[in-house]
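**Student:** Spelled out, the chains give:
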Amino acid sequence: MWSFIHKHASPKHFYLLAERLIPWLGWSTLILLVVGLYQGLIVAPTDYQQGESYRIIYVHVPAAWMSMFIYMVMATSGAIGLVWKIKMADAVASSSAPIGAAFTLLALVTGSLWGKPMWGTWWVWDARLTSELILLFLYLGFIALESAIEDRRTAANACAVLALVGVVNIPIIHYSVEWWNTLHQGATVTRFDKPAMATSMLIPLLIMALGFKLYYLYAMLLRVRVKILESEKDTTWMKELITGAKK
Amino acid sequence: MSEFFHMGGYAFYVWASYGLALVLMLWNVIVPIQRKKQQLTRIKRKLRHEQGNNPAA
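Top to bottom, those sequences are chains A and B.
Here the working numbering is used: the first residue of the first sequence is 772, the next is one more, and so on.
Here the working numbering is used: the first residue of the second sequence is 55, the next is one more, and so on.
No lab work stands behind these hints: they were computed from the structure.
One or more hints might be untrue.
Unchecked claim - Lysine-lysine pairs mimicking DSBU-like chemistry, simulated, CA-CA at most 30 Å apart: (1) A:K858 x B:K90; (2) A:K858 x A:K984; (3) A:K887 x A:K783; (4) A:K984 x A:K783; (5) A:K1004 x A:K856; (6) B:K100 x A:K984; (7) B:K91 x A:K887; (8) A:K887 x B:K90.
Given the structure is predicted, the values throughout are model-derived calculations rather than measurements.
Please model the entire structure based on the sequences and the hints provided.
**Tutor:** Now the structure itself:
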């Protein structure tokens, strides 16, 4: 088991694995998003209360889920890098940060664009919105800290610690709608009993969520690949791979 | 068709949401692909340079 982990955690194997996975992930993401958009924008019925504006849900909710999911991946792989000094874990953490930040920004802006016509305001300082804004600052802090420290090892360790401290914010975001009286509505999908949403509206949401998840893996591996190219450029295997690929 | 783009009067809010999603998601794909191309060109140039200086290699 340990040797298996070490083999696949080596930059060379990770690079080759990424090269093989990237096209598959790219195409399946594209297919899922096209199907999800068609289902969400055309097939799903109009909401009887919110009219067509509710269709923002198909970007807003998956983006918000991903903003938290990516943070957990980032903090976990950061911790693995911190404890076991696995270079690829640090690469996964740092490659996740810009994608997570983009999804957090997307969740906030689409929330605003949905809030204006439905609540009558772009922004309120309620617990859900504020904790999500803090998440954006955590991502931006991670990115800024990483670029501020020259030494790669030190930067990765400092960022991992920052990410781990910030994990406390994740349950706050999730439970904010229960713990405080918020303008933001409660959970409709991630409940123990049946989701409080019509199946015809729920299916496109789940397709979009899966599409966003595969997109994350795709975009993250694209970044990891560049990082390996930069850090391993002087190794023999990389030189062989590049000159071999050169026709 | 125009009814579809009209989105029951919520066109601005709906399409701005989807538009931003498109921009951010494309950006996160295009940037690393561009960077990979640049990095590969840089490494290849360096390798050619090394081989030029050392004919035995």
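**Student:** Take the hints in turn and mark each one as holding or not.
**Tutor:** To see whether the hints hold, each was checked on the structure:
1. Taking the CA atoms of K858 of chain A and K90 of chain B, the gap is near 19 Å; set against the 30 Å cutoff, the hint holds.
2. Note on K858 of chain A and K984 of chain A: the hinted pairing holds, with a Cα-Cα distance of about 23 Å set against a maximum of 30 Å.
3. As the CA atoms of K887 of chain A and K783 of chain A are separated by approximately 49 Å, the hinted pair breaks the 30 Å bound.
4. Distance check on the hinted pair: K984 of chain A and K783 of chain A sit about 25 Å apart at the alpha-carbon level, within 30 Å; holds.
5. The suggested pairing of K1004 of chain A with K856 of chain A holds, with an alpha-carbon distance near 20 Å, which does not exceed 30 Å.
6. Distance check on the hinted pair: K100 of chain B and K984 of chain A sit about 37 Å apart at the alpha-carbon level, beyond 30 Å; violated.
7. Under the criterion of a C-alpha separation no larger than 30 Å, the hint pairing K91 of chain B with K887 of chain A is inconsistent with the structure, at around 42 Å.
8. Pair hint K887 of chain A plus K90 of chain B does not hold up; C-alpha atoms about 40 Å apart against a cutoff of 30 Å.
Hints 3, 6, 7 and 8 from the list above are not met by this structure, while the remaining hints are.
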